[in-house]
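K.L.:
Model the placement of chains B and C on the given structure of chain A, informed by the hints.
Residue numbers (the numbering used here), protein chains in the order written: chain A, 1 to 160; chain B, 1 to 160; chain C, 1 to 160.
Since the hints were derived computationally from the structure, they do not count as laboratory data. Any given hint could turn out to be false.
Same chains, same names: a pair is fine if it fits in one copy or spans any two.
Once the Cα atoms are required to be at most 30 Å apart in a straight line, the calculated DSS-like pairs of lysine-lysine come out as [what the hints assert, rightly or not]:
hint: 1; residue 1: Lys88; residue 2: Lys111
hint: 2; residue 1: Lys131; residue 2: Lys93
hint: 3; residue 1: Lys111; residue 2: Lys131
Spelled out, the chains give:
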Amino acid sequence: MAEKEKMTIIVFSGEMDKVLSAFNLAIGGATAGMDVTMFFTFWGLNAIKKNEGSIKSKGIMRKMLNTMNRGGAKRLPLSKFHMMGMGKWMMQKLMRDINFPSVEELMATAKEFGVKFVACTTTIGMMGLSKDDFIPDVDSFAGVATYVAIAKESKVNLFI
Amino acid sequence: MAEKEKMTIIVFSGEMDKVLSAFNLAIGGATAGMDVTMFFTFWGLNAIKKNEGSIKSKGIMRKMLNTMNRGGAKRLPLSKFHMMGMGKWMMQKLMRDINFPSVEELMATAKEFGVKFVACTTTIGMMGLSKDDFIPDVDSFAGVATYVAIAKESKVNLFI
Amino acid sequence: MAEKEKMTIIVFSGEMDKVLSAFNLAIGGATAGMDVTMFFTFWGLNAIKKNEGSIKSKGIMRKMLNTMNRGGAKRLPLSKFHMMGMGKWMMQKLMRDINFPSVEELMATAKEFGVKFVACTTTIGMMGLSKDDFIPDVDSFAGVATYVAIAKESKVNLFI
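Looking at chain A on its own, in the form it has when it is part of the complex (with noise of 0.2 Å):
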């Protein structure tokens, strides 16, 4: 049996717009019958945070930075157009108005096609997060050289 054709998205921004980007190129990839892998760095690791609870991270520093950047697919801001989080209220709208999926149904969907979910150690660590933070759909927790191993044996690979 052939083995599928693969893509990797490197998911580093976690803005609400960019998020939606990559889960839906990443469904057109898996629904096109490859094999889809999305790595979630730095911000992007807020799109798989868990919605609810607080973070439990150490040191005074770290709880700020995690405070300021409470992930959930709930909770991802707008690249433009902020204006006092009107712009993402806006921009959700528009999407129900057209029945385009929220960020969470898009991720539901993806995983649905099997869409594997790869959050990268180095920047949990740095960020003071664990692996209790992110969501079940989270399928592994890896660094770079996972990254390019898959990476150097796709057709598509991004960084968004």
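P.N.:
Same frame as chain A, but now just chains B and C:
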């Protein structure tokens, strides 16, 4: 006859400097004999909107979004050093000093070299735009499936 | 002898977090035995500018641009949580806590592993810079044609 090698560029960002970079890379690929396709999505759509006229979008929010987000190659902001528009004016002056082409000139050159422009139907729908809002140089309107089909046959795929 | 697999990274952004990510990926590729080339363009050029001394650019606007845009691996801002520089200071503290290398250390490691640094001649000209403004670790100065030639033979191409 051997098929040409392919290159794809997703233009997600609408800032002048990123759009300049995208067209520069597209022209570089086309000059090297590659078959280049640019996919414009989200804020990148601004680069291929018509400069003149107002967008007749429905609903107050889409009107607001499209007013704030007026497109056309002449109107793209800069990703750094906005300084109330002065950063962009400076950058344009610096570009003229060394006879560097403007976004509009690069776009025309890209077309001459056969670069294809594809506009993302999903984000067009989300923003309440229609095909009439775009310049005639757009070759087609398509979604992520079209992107993936071309990208997995391409030697170079970039997300800008 | 078989040729090494190739990887290219365009470093467009000059923010510390994105530059860290770029060097991390480059080192990851080189460690896996790949031949990695990093192309620095636009704000990414800041990462390979000399830390000390002032840039002797001609004309008031280029002087302003280069003063605001002072480079050197030590001076890169953060893409989020500026908070008047405090965000960056926090990030650096967090990195020290877990013994994560600084941008300068990662850059030195990348060189040790044979990663090539190429600076974009087009944006250097636009900003009124000269070759003397860059660190000696820069291997060459080249344009988009050089990038495309390497990228189309590469397994992994990223735009950061």
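K.L.:
Taking the hints in turn, state whether each one holds.
P.N.:
How the hints compare with the structure:
no. : hint            : verdict
1   : Lys88 / Lys111  : within (25 Å within a copy, 35 Å between copies)
2   : Lys131 / Lys93  : between (33 Å within a copy, 22 Å between copies)
3   : Lys111 / Lys131 : within (19 Å within a copy, 33 Å between copies)
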